[in-house]
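Chains as they are written, first to last, in the working numbering: chain A, 1 to 217; chain B, 1 to 240.
It is worth saying that the hints were derived from the structure and are not from the lab. Fair warning: there could be bad hints in the mix.
[Stated by the list, open to error] Taking lysine-lysine pairs in the DSSO-like style, the calculated list, with each CA pair at most 30 Å apart, reads: (1) A:142 x A:157; (2) B:77 x A:48; (3) A:115 x B:156; (4) B:26 x B:177; (5) B:110 x B:129; (6) B:156 x B:18; (7) B:106 x B:129; (8) A:142 x A:115; (9) B:110 x B:77; (10) B:177 x B:77; (11) A:142 x B:129; (12) B:156 x B:110; (13) A:115 x B:77; (14) B:177 x B:156; (15) B:156 x B:77; (16) A:142 x A:48; (17) A:115 x B:110; (18) B:106 x B:26; (19) B:177 x A:115; (20) B:106 x A:142; (21) A:115 x B:106; (22) B:26 x B:156; (23) B:129 x B:156; (24) A:115 x B:129; (25) B:77 x B:26; (26) A:142 x B:110; (27) A:48 x A:115; (28) B:77 x B:129; (29) A:115 x B:18; (30) B:106 x B:156; (31) B:18 x B:77; (32) B:177 x B:129; (33) B:177 x B:106.
[What the hints assert, rightly or not] Quick list of simulated restraints, FRET-style, between CB atoms: (34) B:19 x A:29: 55 to 61 Å; (35) B:107 x A:146: 32 to 38 Å; (36) A:208 x B:170: 39 to 45 Å; (37) A:47 x B:37: 30 to 36 Å; (38) A:127 x B:166: 27 to 33 Å; (39) B:166 x A:53: 37 to 43 Å; (40) A:53 x B:218: 53 to 59 Å.
These figures come from a predicted structure and were not determined experimentally. Every residue, glycine too, gets a C-beta built ideally from N, C-alpha and C.
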Amino acid sequence: MIRVFSHNDLLFMLRGAGMTLMLTAITAFGGLVFGFVLGLLKTFPHSKIANAIGALYTYVFRGTPLLLQIFIFYFGLPILGFDTSPLQSVSIALVAYSSAYIGEILRGSIQSIDKGQWEASASLAFTYWQQMRRVILPQAFKISIPPLVGFLVSIIKGTSLTSIVGYIELTKSGTIVLQATYQPFLVYAIVCLFYFALCYPLSLLGSRLERRFIPSA
Amino acid sequence: MLRIEGMSKSFGTLEVLKDVSLHVHKGEVVVIIGRSGSGKSTLLRCVNGLEPIDSGSIWFESRQVIRTPRDLRDLRKQVGFVFQNFNLFPHLTALQNVALGPRVVKRVPKREAESRAMEELSRVGLADKCDSYPANLSGGQQQRVAIARGLAMDPKLMLFDEVTSALDPELIGEVLKVMEDLANSGMTMLSVTHEMGFARHVADRVVFMHGGRIEEEGPPDQVFDHPESPNLRQFIGAIL
Chain A
1 MIRVFSHNDL LFMLRGAGMT LMLTAITAFG GLVFGFVLGL LKTFPHSKIA
51 NAIGALYTYV FRGTPLLLQI FIFYFGLPIL GFDTSPLQSV SIALVAYSSA
101 YIGEILRGSI QSIDKGQWEA SASLAFTYWQ QMRRVILPQA FKISIPPLVG
151 FLVSIIKGTS LTSIVGYIEL TKSGTIVLQA TYQPFLVYAI VCLFYFALCY
201 PLSLLGSRLE RRFIPSA
Chain B
1 MLRIEGMSKS FGTLEVLKDV SLHVHKGEVV VIIGRSGSGK STLLRCVNGL
51 EPIDSGSIWF ESRQVIRTPR DLRDLRKQVG FVFQNFNLFP HLTALQNVAL
101 GPRVVKRVPK REAESRAMEE LSRVGLADKC DSYPANLSGG QQQRVAIARG
151 LAMDPKLMLF DEVTSALDPE LIGEVLKVME DLANSGMTML SVTHEMGFAR
201 HVADRVVFMH GGRIEEEGPP DQVFDHPESP NLRQFIGAIL
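Bound conformation, chain A alone (with noise of 0.2 Å):
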C-alpha cells in the first residue's frame, strides 16, 4: 500500500539520522584511541615486531573492503558465541576499519616531524615517552587534523553501509520510507540533505582548529 509522504517519515528518518551520528560518534572516538595506540606502534622506534604488528593489521583492514568487514563482525561475532547485538557488530566493524586509517594518518604525521626534534629533545636527555607527548606529538597531532576531519567525513558516509545487514541509520530509513512512499526523488535527496547537514559542520570545525593550532604570528 502506498502512502503519502508525511512529518512522520521526515521524523523517521531524523531518528534514523540521530543513529548514524551516533554511530560516528563512537566510530570516531574508538577509531582514535585505537588508531593512536596504531599509530604509536608502527613508529616506535624500537621494536620491529611492534611496527610489523601495526602494519599487518594496516594492511588486512585497508586491504579489503569496508562493507565485507561490517559482514564478517556482523555475521561472524554471534557464530563465534558473542553474544553482539547489531549496534554492537557494526560499531566494531566501522572502529576495527577505521583504526587502519587513523593509525597510519598518524604514523604519517609522526614520521613528518623533523629528525632534528627527535635529537633535539634527545639531546636534553629526554626518555622517548618524553620526546613524543612534549615535542613530537603536539606537532604531529596539527599535521594531522585535516586529513584526520576528510577521513572522519568519509567515515559518516561510510555508516551508510551498515545499511545493509538491516542496521537502521539514515540510509537505511531512508530506504524503508520509500518503501512505504515509492517517492525516490524526494527522500533520496532529504536523505542528502541530511548527510550533508552532518559532514559539512565537521568541516568547518577542521579548518577551524587547523587555524588554532598554528601558532599566532
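Starting from the known structure of chain A, fit chain B onto it as the hints suggest.
Showing chain B alone in chain A's frame:
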C-alpha cells in the same frame, strides 16, 4: 672531564672516524677545525650518543659512558648540545623552549623553571623575545635561544656543532659573542666551527681533523702560525 679513547665510526663502508682520541679538561675551550667531511661533526655527535660508535670508549668525569639508554640520558643531563640548524621546538615560545628540559627531565616546577629560563634568555640577550615563537625569530636569535636551552640544564660541558654555519653573515657575530662570554665564564666547551677568528681568539686548544683522524692539535698560535702537517698548512692557506 671528557676523554675519548680510540673511537672509530663507519657509515657503511665509509670510515668517518679512525681511532680518534681526544681529552677535554675542565674549563677548557677546545675548537675542532677541518674540511667538510673530515669527521668533525660526527665526532661531536658520537660524544653524546646521537650516533653510535663502532669501537673505542668515551669517558665523562672519570666514568666510562656505557651506551644504554639510561646511561646516555645521564650523560646528556650534563652535556649540552647546540645544533647547526637550531632545532628549536616550533610549537613552544622561546621561554617554553628553554624551560622545557628542566621541567620534563629534572621535574623543576613550572614557575621556577620559567624564571630560570628567563635568566638564561637574559644571558643571551633575548629576555624581550621570551614570548616569541621560533618562526618569528631571526636565525641568530633562534641560535641564541638554543644555547640558552642548553644552558638551562646546568651542563658541565657544552658541545657546539657548527652553530654559525646556517646563519646569514651579519648574524654570526651575535652568536659568537654569546659563545665567547660563555667561554669567559669558565664553561667547558667543545666546538666544531669554520669561524677561524673565534678559534684563534677564544680557544685554549685547536684540533685539526683530516680524513677522520686528528692530525694536529695545540694552542691556537701554534696551530695557525706554525702548522706542522702539510694538510693543515694547506687548509690554513685556503681559508686565510
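Verification of the hints:
1. With a C-alpha separation of about 24 Å, the suggested pair residue 142 of chain A and residue 157 of chain A falls inside the 30 Å cut-off, and the hint holds.
2. Pair hint residue 77 of chain B plus residue 48 of chain A holds up; C-alpha atoms about 28 Å apart against a cutoff of 30 Å.
3. A C-alpha spacing of about 26 Å is found between residue 115 of chain A and residue 156 of chain B, which places the hinted pair at or below 30 Å, so the restraint holds.
4. Between residue 26 of chain B and residue 177 of chain B, the direct Cα distance comes to roughly 21 Å. Compliance with the 30 Å bound is thereby established for this hinted pair.
5. With a C-alpha separation of about 19 Å, the suggested pairing of residue 110 of chain B with residue 129 of chain B holds against the 30 Å cut-off.
6. Between residue 156 of chain B and residue 18 of chain B the CA atoms are separated by roughly 27 Å; this keeps the pair inside 30 Å, and the hint holds.
7. About 24 Å separates the Cα atoms of residue 106 of chain B and residue 129 of chain B, which keeps this hinted pair within 30 Å; it holds.
8. For the given pair, residue 142 of chain A sits about 17 Å from residue 115 of chain A by alpha-carbon distance, which is consistent with the 30 Å threshold.
9. Annotation: proposed proximity of residue 110 of chain B to residue 77 of chain B holds, straight-line Cα distance about 18 Å (limit 30 Å).
10. A hinted pair counts as satisfied when its Cα atoms are at most 30 Å apart, and residue 177 of chain B with residue 77 of chain B qualifies at roughly 25 Å.
11. Using a Cα cut-off of 30 Å, the hinted pair residue 142 of chain A and residue 129 of chain B holds, with the two alpha carbons roughly 24 Å apart.
12. A threshold of 30 Å between alpha carbons decides the hint, and for residue 156 of chain B with residue 110 of chain B the separation of about 23 Å falls inside it, so the pair holds.
13. Note on residue 115 of chain A and residue 77 of chain B: the hinted pairing holds, with a Cα-Cα distance of about 20 Å set against a maximum of 30 Å.
14. Proposed proximity of residue 177 of chain B and residue 156 of chain B is supported: the alpha carbons are some 20 Å apart, at most 30 Å.
15. The hinted pair formed by residue 156 of chain B and residue 77 of chain B meets the criterion: a straight-line CA distance of about 9 Å does not exceed 30 Å.
16. Using a Cα cut-off of 30 Å, the hinted pair residue 142 of chain A and residue 48 of chain A holds, with the two alpha carbons roughly 27 Å apart.
17. Between residue 115 of chain A and residue 110 of chain B the alpha-carbon distance is near 27 Å, which keeps this suggested pair within the 30 Å criterion.
18. Distance check on the hinted pair: residue 106 of chain B and residue 26 of chain B sit about 23 Å apart at the alpha-carbon level, within 30 Å; holds.
19. Between residue 177 of chain B and residue 115 of chain A the alpha-carbon distance is near 28 Å, which keeps this suggested pair within the 30 Å criterion.
20. Our distance criterion of 30 Å between C-alpha atoms is met by residue 106 of chain B and residue 142 of chain A, whose separation comes to about 27 Å.
21. At roughly 24 Å between alpha-carbon atoms, residue 115 of chain A and residue 106 of chain B fall within 30 Å of each other, so this suggested pair holds.
22. Annotation: proposed proximity of residue 26 of chain B to residue 156 of chain B holds, straight-line Cα distance about 8 Å (limit 30 Å).
23. For the hint linking residue 129 of chain B to residue 156 of chain B, the alpha-carbon distance of about 26 Å falls within 30 Å, and the restraint holds.
24. Distance restraint check for residue 115 of chain A and residue 129 of chain B: the Cα-Cα separation of roughly 26 Å lies within the 30 Å cut-off, and the hinted pair is therefore satisfied.
25. The straight-line distance between the Cα atoms of residue 77 of chain B and residue 26 of chain B is roughly 17 Å, inside the 30 Å bound, and the hint therefore holds.
26. With a C-alpha separation of about 24 Å, the suggested pair residue 142 of chain A and residue 110 of chain B falls inside the 30 Å cut-off, and the hint holds.
27. For the suggested pair residue 48 of chain A and residue 115 of chain A, the alpha carbons sit about 19 Å apart, so the restraint of at most 30 Å is met.
28. Using a Cα cut-off of 30 Å, the hinted pair residue 77 of chain B and residue 129 of chain B holds, with the two alpha carbons roughly 26 Å apart.
29. Between residue 115 of chain A and residue 18 of chain B, the direct Cα distance comes to roughly 26 Å. Compliance with the 30 Å bound is thereby established for this hinted pair.
30. For the suggested pair residue 106 of chain B and residue 156 of chain B, the alpha carbons sit about 15 Å apart, so the restraint of at most 30 Å is met.
31. Between residue 18 of chain B and residue 77 of chain B the alpha-carbon distance is near 28 Å, which keeps this suggested pair within the 30 Å criterion.
32. As the CA atoms of residue 177 of chain B and residue 129 of chain B are separated by approximately 18 Å, the hinted pair is consistent with the 30 Å bound.
33. For the hint linking residue 177 of chain B to residue 106 of chain B, the alpha-carbon distance of about 29 Å falls within 30 Å, and the restraint holds.
34. A C-beta distance of roughly 57 Å is found between residue 19 of chain B and residue 29 of chain A, which places it inside the suggested range of 55 to 61 Å.
35. Remark: the range hint 32 to 38 Å for residue 107 of chain B to residue 146 of chain A is upheld by a beta-carbon distance near 36 Å.
36. Remark: the range hint 39 to 45 Å for residue 208 of chain A to residue 170 of chain B is upheld by a beta-carbon distance near 40 Å.
37. Between residue 47 of chain A and residue 37 of chain B the beta carbons are some 34 Å apart, a value that agrees with the proposed interval 30 to 36 Å.
38. Taking the beta carbon of each, residue 127 of chain A and residue 166 of chain B are about 28 Å apart, inside 27 to 33 Å as hinted.
39. Here the CB-CB span from residue 166 of chain B to residue 53 of chain A is close to 39 Å, well matched to the stated 37 to 43 Å.
40. Taking the beta carbon of each, residue 53 of chain A and residue 218 of chain B are about 55 Å apart, inside 53 to 59 Å as hinted.
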